[in-house]
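Asks: Now for the letters of each chain:
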Amino acid sequence: MREEIIVRVGAKILTPFIIMFALYVHFHGDYSPGGGFQAGVILAAAFALLALVYGLGAVQRVLPPWFTRLCAALGVVIYGGVGVVTMLLGHNYLGYNALAHDPEHGQHYGILLVELGVLVTVFGVMASVFYLFAGRGRRDS
Amino acid sequence: MGEGAGRVTAHLPILQVVVPLLAAPICAVLRHGRAAAWLAVLASWSVLGIALALLGQVMAGGVISYHIGDWVPPIGIEYRVDIVNAWVLVIVASIGAVVAPYAIASVEHEIAARRIPLFYAAYLLSLSGLLGIAITGDVFNVFVFLEISSLSAYALISLGRPRRALTAAYRYLIMGSVGATFIVIGIGLLYVMTGSLNMADLAELLPGVWDSRTVKVAYGFLGVGICLKLALFPLHLWLPNAYAFAPSPVTAFMASTATKVAVYMLLRFFLSIFGAAFSFEVMALDRILLPLALVAVFSMSLVAIFQVDVKRLLAYSSVAQIGYMILGLSFASVTGLTATLLHLFNHALMKGALFMALGCVVYRIGSVHIDAMAGLGKRMPWTMAAFVVGGLSLVGVPLTVGFISKWYLILGALEKGGLWIAVAVLVLVTSVMALVYVWRVVESAYLREFSGDEGTREAPLSLLAPTWVLVAANVYFGIDAVRTAGVARQAAEVLMAGIGS
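Protein chains in written order, with numbering that gives the first Met the number 0: chain Y, 0 to 140; chain F, 0 to 500.
Just so you know, these hints were derived from the structure itself, not from any lab. Keep in mind that this is a model prediction, so the values were computed, not measured. Backbone N, C-alpha and C fix where the C-beta goes; we use that ideal spot for every residue, glycine too. There's no promise every hint is true.
Residues from chain Y shown here face chain F by an in silico Cβ test under 8 Å; the list is partial [what the hints assert, rightly or not]:
#1 L69
#2 A72
#3 V75
#4 V76
#5 G79
#6 G82
#7 M86
#8 H90
#9 N91
#10 Y92
#11 L93
#12 G94
#13 Y95
#14 N96
Covered stretches of chain F (chain Y as the covering partner; in silico rule of three or more C-beta atoms under 8 Å from a C-beta of chain Y) [as the list claims (entries may be wrong)]:
#15 9-20
#16 24-30
#17 53-67
I would like the entire structure built from these sequences, with the hints used as guidance.
Replies: As structure tokens, then:
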């Protein structure tokens, strides 16, 4: 597909919107359908689209495999870390009320942060899995 | 400082799961295998400390309830520790604490260097999953932790050196997923009928809907699903290959913890949530489990006798031993349940010691074929001595933990009288069968000539020390069983009485 100009330009134009949409799905996740998991998959799909059109090598220069693996681990640490922070602030594990003076805001920040952890991990895992499958057989050749 | 310590003890239930859960991703990004290994050891030891502290708290002050996110149950997720799961937590955590340092040398020998940090990540995830199943008081949370522990277990098994480890792991994945699906269907049906996922709440609501067919179907789904996980005959087919081809520390860890936690799930669902009265009087659980348990013990011991791969031999023996645990449950009495709960701990000790001794053998001669082990008694005296003590414990010789388990099993059978005497006799007969398969290995190791590499030496201390810790535990708790039997009996009484009391 590297020679198809419409596909190349189309993918280029769409990519930022896909990433924006992923962030929308994440930040609006507590009021409407969506959340970290869906956002992570959409974000990874943006890079999968680029890889399909411009080739795996071009994408891996921007988003190296070690980084996607780091993301996969980092998200879990973010999620668990929020719980640890609320514990240090004197509440129970994942007691979001600890995060702000107003409990309603605390709940809001808490769920966003936790879902951010989910987003990062899901994005990392999805991109890593895509890299593994897309890169199969390349090392031998 | 005192207040700070008090606040930490209040959070012990969640820390039990969070410590290994957070150590796992850190292990995954570490480049250096040794660093990941020591982090895993540190995490495993603190997990054991927490588990012992929880058991102490429960024995002193009764049930602990921890509300995640400050949401009050039954709406929020509750971690609920009573003597039953405190006991299971101690079993899992002790094995984890012994296997982690053992893994360092063993894994460097059996797994490619670049995969070692990932090995420890998967190991810690599996540990936290198993601990999570044991500690939570929420049935959907059980399913989530079951998936965490199972998925990481599949990955751990697939790391085994033989290529067949991949097919073994795949087979376990298929069977395990069927089991997990059945469990979640069962949980879903319970939710439909009661609108609750909290265990204590379910136990209160279920008697009102006992008559409905949905509840009975849920019971069936949960039963089959959990029995797949605990490898009850005839649902055990995934187990022998998975144990035989997994890396040595993985086999030692899984054989001593994963099936034990599944047995705990069975007890928790059927006795605490559905209630002993419903299980034994309405569903006739004892009459279903008794024949399966007897066939498991007898047929699997027989199959074990004819194995030539010693790891696989012990794997079949594990299926037989699970039969003993289910046998105790099928007595439907406090003594029978005491035997089950004791055997959870005792079998973890003996199989842990045996599989770790085999790991030492793999480390030196690369094979656990019964012919390859010929004459090893002189070459690796400490390793084989550990195997012999573990084997004696498996048979149930006095002064070992195996004897204590069988003692309570036979006591339970005699207590019921009548035809149950035959069950007691069968327990004795199968003990002799265990003697036969253990003897085959001992005979090969001590009475035959060594034919392998002349340079074969004793395994390194880093492998022998953890192995002998478990061997010593086999003997110590075999002589002084007052504490273990006391806790097990207390736990059995709690289970028979139901969750509310």
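Asks: Against chain F, with CB atoms and a cut of 8 Å, does the hint on N91/Y hold up?
Replies: holds (5 Å)
Asks: Given G94/Y was flagged as interface, is its beta-carbon under 8 Å from a beta-carbon of chain F?
Replies: holds (4 Å)
Asks: Per the CB criterion, is G79/Y less than 8 Å away from chain F?
Replies: holds (4 Å)
Asks: Does the interface hint hold: is L69/Y within less than 8 Å of chain F, judged Cβ to Cβ?
Replies: holds (6 Å)
Asks: With chain F as the partner, please determine if V75/Y meets the hint condition of a C-beta pair closer than 8 Å.
Replies: Holds, about 4 Å.
Asks: Just to be careful: measuring from the Cβ of H90/Y to every Cβ in chain F, is the smallest value less than 8 Å?
Replies: With a minimum Cβ separation of about 6 Å from chain F (threshold 8 Å), the hint on H90/Y holds.
Asks: Does the CB of N96/Y sit less than 8 Å away from some CB of chain F?
Replies: holds (6 Å)
Asks: Tell me if chain Y covers the region 24-30 of chain F under the three-residue, 8 Å CB rule, please?
Replies: As far as the region 24-30 of chain F goes, the hint holds, because 4 residues have Cβ atoms under 8 Å from chain Y.
Asks: Any CB of chain F closer than 8 Å to the CB of G82/Y?
Replies: Result: holds, 7 Å to nearest chain F Cβ.
Asks: Does the nearest C-beta of chain F fall within a distance shorter than 8 Å of the C-beta of L93/Y?
Replies: holds (4 Å)
Asks: May I ask you to test the interface hint for Y92/Y with respect to chain F, counting a Cβ-Cβ separation under 8 Å as satisfied?
Replies: At 4 Å from the nearest chain F Cβ, Y92/Y passes the 8 Å test, so the hint holds.
Asks: Holds or violated: A72/Y as interface residue toward chain F, Cβ cutoff 8 Å?
Replies: holds (4 Å)
In this structure, none of the earlier numbered hints is contradicted; all agree with it.
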